Each structure stands twice: as structure tokens, then as C-alpha cells.
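Construct the complete structure from the given sequences, taking the supplied hints into account.
Residue numbers (our numbering), protein chains in the order written: chain V, 414 to 528; chain G, 128 to 244.
Source of the hints: derived by calculation from the structure; they are not laboratory data. Nothing here was measured: the structure is a model prediction, and the numbers come from that model. Be careful, since some hints might not be right.
What the hints assert, rightly or not - 20 Å max Cα-Cα, derived SDA-like pairs, lysine to any residue: (1) G:K236 - V:G453; (2) G:K236 - V:E472; (3) G:K236 - V:S497; (4) G:K236 - V:E508; (5) G:K205 - G:A144; (6) G:K236 - V:L491; (7) V:K422 - G:Q165; (8) G:K236 - V:M454; (9) G:K196 - G:N151; (10) V:K422 - G:P167; (11) G:K236 - V:K427; (12) V:K422 - G:K196; (13) V:K422 - V:L525; (14) G:K196 - G:L178; (15) G:K185 - G:E147; (16) G:K185 - V:E516; (17) G:K236 - V:L492; (18) G:K205 - G:Q165; (19) G:K236 - V:Q498; (20) G:K205 - G:T182; (21) V:K422 - V:L492; (22) G:K176 - V:E508; (23) V:K422 - G:Q172; (24) G:K236 - V:G471; (25) G:K176 - V:E516; (26) V:K422 - G:N151; (27) G:K236 - V:T499; (28) G:K236 - V:P452; (29) V:K427 - V:L491; (30) V:K422 - G:Y166; (31) G:K176 - V:G509; (32) G:K236 - V:R524; (33) G:K176 - G:A144; (34) G:K205 - G:N188; (35) G:K176 - V:G455.
Unchecked claim - Which chain G residues face chain V? A few, computed with CB under 10 Å, are given here: (36) Q165; (37) T199; (38) K236.
For glycine and all other residues, C-beta sits at the position ideal for the given N, C-alpha and C.
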Amino acid sequence: NAGVTQTPKFQVLKTGQSMTLQCAQDMNHEYMSWYRQDPGMGLRLIHYSVGAGITDQGEVPNGYNVSRSTTEDFPLRLLSAAPSQTSVYFCASSEGTIANTGELFFGEGSRLTVL
Amino acid sequence: AQSVTQLDSQVPVFEEAPVELRCNYSSSVSVYLFWYVQYPNQGLQLLLKYLSGSTLVKGINGFEAEFNKSQTSFHLRKPSVHISDTAEYFCAVSPMYSGGGADGLTFGKGTHLIIQP
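In C-alpha cells:
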């Protein structure tokens with residue numbers, strides 16, 4: 414059981430470049446979300462989705478776009494990369510609400526460096 | 128809005144000693160409480176959770192936590208740690224009124240548990 418799969422694991426970009434971080438889950442989870450992790454900052458929610466065709470902004474959405482065309486996939490797009498977007502990005506999914514399942518399943522992370 | 132304070136950014140402990148990682152939260156409404164663990168170069172995984180019922184919650188790998196509503200705390204404990212417990216530990220809360228959606232989940236900044244041989 415693959416769980417939550419993120420690609421790529423590592424990426425280096427130049428300022429102004431665009432790219433897409435891929436996230437796929439094979440657990441038929443309705444909820445999917447993207448977090449960024451920065452030293453001393455914990456995890457901050459970027460965007461989330463409660464089902465195919467539905468997305469919403471989290472705490473730090475600026476500079477990122479998402480779409481959810483299928484239940485399985487939830488890509489995160491960086492429109493014009495900036496050094497402030499250097500971070501480790503985590504995709505997570507859950508079967509339902511935290512109240513029902515109490516658990517998010519995380520991918521292994523994508524480490525992005527913007528020069 | 129909710130906030131989570133993990134009082135120690137780093138906790139060094141000798142192997143086989145007990146450990147307590149502290150977590151305090153602030154919220155004007157009732158909350159669900161969680162501890163997640165992140166091993167080096169991995170994603171987070173659920174350690175334990177408090178949704179309702181008994182305030183003492185047992186999780187995986189011998190960890191337990193106690194919910195104290197009056198002190199708004201949810202401290203994580205283990206009676207005897209091992210080298211393999213070296214990891215980053217995150218406390219998180221979610222307000223009950225939100226239905227527990229992922230958008231309502233707020234993480235603390237993490238505590239790095241360092242096990243010394």
C-alpha cells in the first residue's frame with residue numbers, strides 16, 4: 414500500500430521559475446492538503462481540498478495554486494518561485510474529518526530550494 | 128482561533144530515562160488534541176489522539192499523553208526512551224465546531240527529542 418506519494422523529493426529552482434509538486438494517494442481519501450515546514454515554524458497549511466473539484470486556501474496560500482480534478486491527485490503549483498518559498502513541502506490526506514478519523518497521512522516530503 | 132505552544136524546542140534525554148514533552152494550547156472552544164512524530168527525513172505520523180472520553184491517552188511505541196482541560200495542556204510522556212525515539216514531535220489541535228476538518232488543524236512548532244546513549 415503506497416499511501417501518499419510525493420514527487421519530486423528534491424528540486425532546485427531559480428527565482429521566477431515555475432514548477433508543480435505532485436501528490437497522489439491511493440486510499441480513496443476525500444481530504445487532501447499541502448503544508449510547508451520551515452525551521453522553528455512548525456507546519457503551516459497552504460491549501461486544502463475536501464473532495465474532487467473543491468479547494469480552499471489555508472494559512473499561507475500566496476504564490477501557490479492547487480486543483481483537484483480527481484480524488485487521487487492534488488498537485489501544488491508554484492507560479493513564480495521566490496527564495497521565501499525554499500522549504501520542505503508535505504502533502505497529507507485523510508479519510509474524513511479529523512473528528513471521525515483522527516489522523517492525517519503524510520507523504521515523505523519534497524525539499525525545494527529556490528536560488 | 129487556536130494556538131499551540133510547545134514549551135521546549137529541544138529536549139536531550141539519556142537512554143532509558145523518562146521524558147515529558149510539554150504542550151499547551153489556547154482556544155475559546157473545545158478542541159481535539161493530537162501528537163504527531165516525524166522521524167528524520169520522513170513525513171509525520173500519528174502518535175496518539177484525544178477526541179473524547181478518558182483524559183489519559185495511550186499511543187504507539189509506549190507513549191502516552193494526558194489532557195488537562197483546566198491547564199489547557201496535553202503533555203506527552205514516555206517512562207523509558209530508546210535511541211529510536213530520536214525525532215521531532217508535534218502537538219496539534221483542531222476545534223470541535225469545525226467538524227474536525229484539516230483546515231482547522233493547528234500545529235505547534237515542534238520539539239526535537241534527542242536521546243543520548
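Results of checking the hints against the structure:
1. Distance check on the hinted pair: K236 of chain G and G453 of chain V sit about 6 Å apart at the alpha-carbon level, within 20 Å; holds.
2. Simply put, K236 of chain G and E472 of chain V have alpha-carbon atoms about 15 Å apart, close enough for the 20 Å limit, and the pair holds.
3. About 18 Å separates the Cα atoms of K236 of chain G and S497 of chain V, which keeps this hinted pair within 20 Å; it holds.
4. A distance of roughly 25 Å separates the Cα atoms of K236 of chain G and E508 of chain V; the hinted pair therefore is violated under the 20 Å criterion.
5. With a C-alpha separation of about 9 Å, the suggested pair K205 of chain G and A144 of chain G falls inside the 20 Å cut-off, and the hint holds.
6. Straight-line distance between C-alpha atoms of K236 of chain G and L491 of chain V comes to about 24 Å, which puts the hinted pair past the 20 Å bound.
7. Only pairs whose Cα atoms come within 20 Å are accepted, and K422 of chain V paired with Q165 of chain G is accepted, the gap being roughly 16 Å.
8. A C-alpha spacing of about 5 Å is found between K236 of chain G and M454 of chain V, which places the hinted pair at or below 20 Å, so the restraint holds.
9. For the suggested pair K196 of chain G and N151 of chain G, the alpha carbons sit about 10 Å apart, so the restraint of at most 20 Å is met.
10. As the CA atoms of K422 of chain V and P167 of chain G are separated by approximately 14 Å, the hinted pair is consistent with the 20 Å bound.
11. The hinted pair formed by K236 of chain G and K427 of chain V fails the criterion: a straight-line CA distance of about 28 Å is larger than 20 Å.
12. Our distance criterion of 20 Å between C-alpha atoms is broken by K422 of chain V and K196 of chain G, whose separation comes to about 40 Å.
13. Among the hinted pairs, K422 of chain V with L525 of chain V is consistent with the structure: their alpha-carbon atoms are about 8 Å apart, no more than 20 Å.
14. For the given pair, K196 of chain G sits about 13 Å from L178 of chain G by alpha-carbon distance, which is consistent with the 20 Å threshold.
15. A C-alpha spacing of about 14 Å is found between K185 of chain G and E147 of chain G, which places the hinted pair at or below 20 Å, so the restraint holds.
16. With a C-alpha separation of about 15 Å, the suggested pairing of K185 of chain G with E516 of chain V holds against the 20 Å cut-off.
17. Distance hint between K236 of chain G and L492 of chain V is unfulfilled; the C-alpha atoms sit about 27 Å from each other, more than 20 Å.
18. Taking the CA atoms of K205 of chain G and Q165 of chain G, the gap is about 16 Å. The hint holds against a cut of 20 Å.
19. For the hint pairing K236 of chain G with Q498 of chain V, the CA-to-CA distance comes to about 18 Å; that is within 20 Å, so the pair holds.
20. Between K205 of chain G and T182 of chain G, the direct Cα distance comes to roughly 16 Å. Compliance with the 20 Å bound is thereby established for this hinted pair.
21. Of the supplied pair hints, the one linking K422 of chain V and L492 of chain V holds, its CA atoms being roughly 19 Å apart against a limit of 20 Å.
22. Simply put, K176 of chain G and E508 of chain V have alpha-carbon atoms about 16 Å apart, close enough for the 20 Å limit, and the pair holds.
23. At most 20 Å may separate the alpha-carbon atoms for a hinted pair to count; K422 of chain V and Q172 of chain G meet this at roughly 18 Å.
24. Restraint check for K236 of chain G and G471 of chain V: satisfied, since their Cα atoms lie roughly 17 Å apart, inside the 20 Å limit.
25. At most 20 Å may separate the alpha-carbon atoms for a hinted pair to count; K176 of chain G and E516 of chain V meet this at roughly 8 Å.
26. Pair hint K422 of chain V plus N151 of chain G does not hold up; C-alpha atoms about 33 Å apart against a cutoff of 20 Å.
27. Distance hint between K236 of chain G and T499 of chain V is fulfilled; the C-alpha atoms sit about 18 Å from each other, no more than 20 Å.
28. Taking the CA atoms of K236 of chain G and P452 of chain V, the gap is about 8 Å. The hint holds against a cut of 20 Å.
29. Straight-line distance between C-alpha atoms of K427 of chain V and L491 of chain V comes to about 12 Å, which keeps the hinted pair within the 20 Å bound.
30. For the suggested pair K422 of chain V and Y166 of chain G, the alpha carbons sit about 16 Å apart, so the restraint of at most 20 Å is met.
31. For the hint pairing K176 of chain G with G509 of chain V, the CA-to-CA distance comes to about 15 Å; that is within 20 Å, so the pair holds.
32. Our distance criterion of 20 Å between C-alpha atoms is met by K236 of chain G and R524 of chain V, whose separation comes to about 18 Å.
33. Among the hinted pairs, K176 of chain G with A144 of chain G is inconsistent with the structure: their alpha-carbon atoms are about 24 Å apart, more than 20 Å.
34. Annotation: proposed proximity of K205 of chain G to N188 of chain G holds, straight-line Cα distance about 9 Å (limit 20 Å).
35. Restraint check: the Cα-Cα separation between K176 of chain G and G455 of chain V comes to about 18 Å, which is no more than 20 Å; the hinted pair holds.
36. Of the supplied interface hints, the one on Q165 of chain G holds, with its beta-carbon coming within about 8 Å of a beta-carbon of chain V, less than 10 Å.
37. The interface hint given for T199 of chain G is broken, as the beta carbon of that residue sits about 18 Å from the closest beta carbon of chain V, more than 10 Å.
38. About 4 Å separates the beta-carbon of K236 of chain G from the nearest beta-carbon of chain V, less than 10 Å, and the hint is met.
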